[in-house]
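Assemble the whole structure, with the sequences as input and the hints as a guide.
Per the working numbering, the sequence shown runs over residues 1 to 143.
Keep in mind that the hints were calculated from the coordinates and are not lab data.
What follows is a list of derived Cβ distance ranges for each label pair:
#	residue 1	residue 2	range
1	46	78	20 to 30 Å
2	69	42	14 to 24 Å
3	89	61	48 to 58 Å
4	69	90	37 to 47 Å
5	39	78	42 to 52 Å
6	46	68	16 to 26 Å
7	99	10	19 to 29 Å
8	62	13	12 to 22 Å
9	40	13	19 to 29 Å
10	86	23	21 to 31 Å
11	58	94	28 to 38 Å
Every residue, glycine too, gets a C-beta built ideally from N, C-alpha and C.
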Amino acid sequence: MTKEFTDLQGLAVGQVWQHKNGNCYEIYDFTNLEAGRQDEYPTTVSYRNIHTGAPYSRKVSRWAGSFTRREDLEKNNELTILVSALVGGETVTRSYQLKGLRAACIDQAKAKFAEELGEVDRWVFINTTGKTVHKIEKVVSNG
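Written out as structure tokens, the structure reads:
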């Protein structure tokens, strides 16, 4: 069986693109790059909202026409991430100074918080630049 070549159309991990609806997204992965049949297993772009961290995916073939590259947003940002969570029945809040894209900083802040305080009963909110950008309703427990 010969493998089909996947044309990534210039897309790469770490790039930031703005959708025609105005939201900006960071590419963080590709799936099915080595799939034998693109008709059955199309290569997809995995991307997340740079403000909320919400993940999405779409076929590479459907990317063009909906997104515009935003190289100006690919530079590292210095952000203050405020994390609040329910830990042992009490709401605990921590602030972290991080550098990078918002979505990656949110992930880093959550990891630092959990490492520092252990089991998290429920994430309450994650905040950057003075507004709540990522509300989490799902209960997350390490136990």
